[in-house]
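If you're matching them up, the sequences are chains S and E in order. The end of the first sequence is residue 179 by this note's numbering, with every number in the run present. The end of the second sequence is residue 1506 by this note's numbering, with every number in the run present.
Keep in mind that the hints were calculated from the coordinates and are not lab data. These figures come from a predicted structure and were not determined experimentally. Careful: at least some of the hints might be erroneous.
Far from chain S by the CB rule (all over 10 Å, computed), these chain E residues [unchecked claim]:
| hint | residue |
| --- | --- |
| 1 | Q1071 |
| 2 | K1126 |
| 3 | S1148 |
| 4 | E1149 |
| 5 | L1161 |
| 6 | D1235 |
| 7 | G1239 |
| 8 | N1272 |
| 9 | D1313 |
| 10 | I1394 |
| 11 | R1396 |
| 12 | K1443 |
| 13 | N1470 |
| 14 | P1483 |
Below, simulated EDC-like cross-link-like pairs (lysine to aspartate or glutamate); rule was C-alpha separation at most 20 Å, straight line [unchecked claim]:
| hint | chain 1 | residue 1 | chain 2 | residue 2 |
| --- | --- | --- | --- | --- |
| 15 | S | K35 | E | E1107 |
| 16 | S | K35 | E | D1188 |
| 17 | E | K1169 | S | E47 |
DEER-style ranges, computed between Cβ atoms [claimed, not checked]:
| hint | chain 1 | residue 1 | chain 2 | residue 2 | range |
| --- | --- | --- | --- | --- | --- |
| 18 | E | T1275 | S | F133 | 57 to 65 Å |
| 19 | E | F1431 | S | I171 | 27 to 35 Å |
| 20 | S | A116 | E | E1290 | 24 to 32 Å |
Cβ coordinates follow ideal geometry from the N, Cα and C atoms, glycine included.
The lines below spell out each chain.
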Amino acid sequence: MGIFKRIPDWKEIAPVYAVIVLMIYTWTIMWFFWKLPSWLFFMNAGEILLVFIYSVSTNFVESLIILCAPIFLCMVLPRQWFHDVFVSRGTALVAAGLGYMMFLALQFQAKNDYPAIYLKAWSLALALLILSFIVFLAGKISIPRKALEAVADRATIFLYVTIPVSIISAIVVLFHSVV
Amino acid sequence: MSRISRRDFLKLGSVVTGTLALSNIAPKLSFGRGPSVPGIVVFVFDAMSAKNLSLYGYRRKTTPNFERFAQRAVVYNTHYSAASFTTPGTASLLTGLYPWTHRAINESGLVARDLASQNLFEAVGKGYYRLAFSQNMWPNYFFGQFQSEIEKILPPAAFSLIDEVYGDKFGTDLLTGHRTFEDFLLQDGVPPASLFFGLAERIQMHRAVARVQDADYPHGIPRTGNYPIFFKLKDMFDGLISTVNQLRSPSLAYLHLWSPHAPYIPAAKFWNFFTDQWRPIQKPDHVLGEHILPSQINNRRRAYDNYIANLDDEFGRLLDFLEQKGILDQSYVVITSDHGEFFERGEEGHVSPLLYDPVVRVPLMISTPGQTSRKDVYAPTVSTDVVPTLAHLIGREIPAWAEGELLPELGGSGAPGRSIFMMDAKYNPAFAPLSIASFAMRKDQYKLIYYKGYEQYNGRDAFELYDMENDPEEMNDLYSDNPSIAGPLREELFAKIDSVNAKYKH
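Pulled out of the complex, with its shape left as it was, chain S reads as follows (with noise of 0.2 Å):
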């Protein structure tokens, strides 16, 4: 079987997509919202409103990108490891990894003074191994795996207002900045 008919049906990627999305953009939307009281201080509707475009058209970048890695697995591992089940598994994979990356994000809030115990390499292995076995029993264990189906599942309907958004945004960036 060619490894590129390993890649799962898009019926199967939007749940898994949906929560990546539902993840990165809520994680920027949470600092925007944050941020705004002192943006208002001194910026017009306009200006904020092109930030927001430009994180948006970020965030889709780093989603697509983040899916590769899921889809990835999914062409190199053995079919019943992942690949059978896509929807669970990668789930608890970009949930757990982002989860995990979210951790590090608010213990590394200075760009160049931060805890570098999570650099080491016995920790990042640690974490891998942690992600591993999360997502090894999302696939074994019924209860989890349904509920991952369901939420993903659930999750899609985020993506009908994300992407229009996000390729608009992409659109507006591309003209304002480049153009």
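Once you have looked at the hints, place chain E on chain S.
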């Protein structure tokens, strides 16, 4: 039909090649050397208080090379920045407007959109090649606003060791690019708003910083305080020299360095440059201060002085270059700062509502083409005077919108009775009347300070009055005992504030 011989071809080829080569080099060689079109180079050293410069009589010998420059410049001894931190201070320098007019009053704020076309670059005009560089990110927001009037904007991390600034990659929209990336998605000091790129950038930064080892900086590489730009002072001055050397003729170059702004990290040679045990006169803590211990404040002052000495040493190299290249003979060279720094009254730095002289009195020296002697001006002047003066000096019309006046010795009279103003309103919305702010007004020998709306004063107005000629350290508050002096000054300041607030009252 005539035929071109091999010899003719070679002659033609050499002429064309020579012409092309000269056309490329000539503008660089002739910077500021035109018979009637002098260049303008403005050097801004961030957070450089006039009070800490031996140039202005400071006890420690911090600035021998600035003193050397002063020997061929007009030296303004009572020059004020219109504000106490970079955003409003630089905006006033670049627009000739007071902060209450240009409204860039908040940290990383912007010039009022309807006034953004009124700036130094516009005043100098398209006849000049206009270049802007600021290592401090905040003036880059103004460059974004003035983008159509500037031919070349150097990125803030130019000449730096580590560059983690991404907003400038959005060439045609510098303003949104910086605001989105530097102030939000990759913001420092709080978790990045971009989960993936933010984290990747932090890890990359961590590794880059770990890689940099330099014997000149055993205590760490200097960095800008508000954005992750790491640099060596020597590289910065090499960059400035190279930039000035490549300017076309005639040019306006606005070059804004981070140093001597905190964190004060001089090179090893200057780390313990001042080893004296000198302690300046102790001043009582201010109710709006942070109540930092005097010993801690004195240590910070010494670190600041060491850093200025390091800066001055590098400035000496720049000065040698300016002299050797004849740039001082053919150009206006301006040395100034956007605000000062202070170490007294339980406070250090400049993020403060206090407006005592150390935080608002800044150096200003202007060397005119071919000037060979020092001229001292003691009349109070303010940063809003720079734009109209430079426009006047190069024969441009003095901008009607500028709130400053021509500087004495360069077209202005310096007549007594002039009122100049300083303010800090970083916690006041830019689009609202000024209700929480500090103001200072200097008129002749007196300086009135007005605190408005601070909760430490229970929201009540508070005033201080100093006789700056007889009490330059601002120790004896004359406000309560001298109503006949304080009253008219207070009423004049109130009237001014009322007039600037009127525009924002709905």
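To see whether the hints hold, each was checked on the structure:
Distance to chain S confirms E/Q1071 as a non-interface residue, since its nearest Cβ pair spans about 41 Å, more than 10 Å. The non-interface label for E/K1126 is consistent with chain S: the shortest C-beta to C-beta separation is roughly 24 Å, beyond 10 Å. Consistency note on E/S1148: stated as away from chain S, and its beta-carbon is indeed over 10 Å from all of that chain's, at 15 Å minimum. Every CB of chain S lies more than 10 Å from the CB of E/E1149, the least distance being 19 Å, so the non-interface label holds.
The non-interface label for E/L1161 is consistent with chain S: the shortest C-beta to C-beta separation is roughly 12 Å, beyond 10 Å. With a minimum CB-CB distance of about 18 Å to chain S, E/D1235 clears the 10 Å threshold, and the non-interface call stands. For E/G1239, the condition that its CB be more than 10 Å from all CB atoms of chain S holds, with the nearest at approximately 22 Å. Annotated as non-interface, E/N1272 keeps its C-beta farther than 10 Å from every C-beta of chain S; the closest such distance is 24 Å.
No beta-carbon of chain S is positioned within 10 Å of the beta-carbon of E/D1313; the least distance is around 26 Å. No Cβ of chain S comes within 10 Å of the Cβ of E/I1394; the nearest lies about 32 Å off, and the non-interface call holds. In this structure E/R1396 is separated from chain S by more than 10 Å, as the shortest Cβ-Cβ distance comes to about 30 Å. For E/K1443, the non-interface assignment is confirmed: its Cβ lies about 30 Å from the closest Cβ of chain S, beyond the 10 Å cut-off.
Listed as a non-interface residue, E/N1470 keeps its Cβ farther than 10 Å from every Cβ of chain S; the least gap is roughly 40 Å. Every C-beta of chain S lies more than 10 Å from that of E/P1483, the closest at about 36 Å, which supports listing it as non-interface. Restraint check for S/K35 and E/E1107: satisfied, since their Cα atoms lie roughly 13 Å apart, inside the 20 Å limit. Between S/K35 and E/D1188 the CA atoms are separated by roughly 13 Å; this keeps the pair inside 20 Å, and the hint holds.
Straight-line distance between C-alpha atoms of E/K1169 and S/E47 comes to about 18 Å, which keeps the hinted pair within the 20 Å bound. Between E/T1275 and S/F133 the CB atoms are about 59 Å apart, so this pair conforms to the stated range of 57 to 65 Å. The given range of 27 to 35 Å is respected by E/F1431 and S/I171, whose C-beta atoms sit roughly 30 Å from each other. For the pair S/A116 and E/E1290, the supplied restraint of 24 to 32 Å holds, since their beta-carbon distance comes to about 31 Å.
Hint check: no violations occur; every hint is consistent with the structure.
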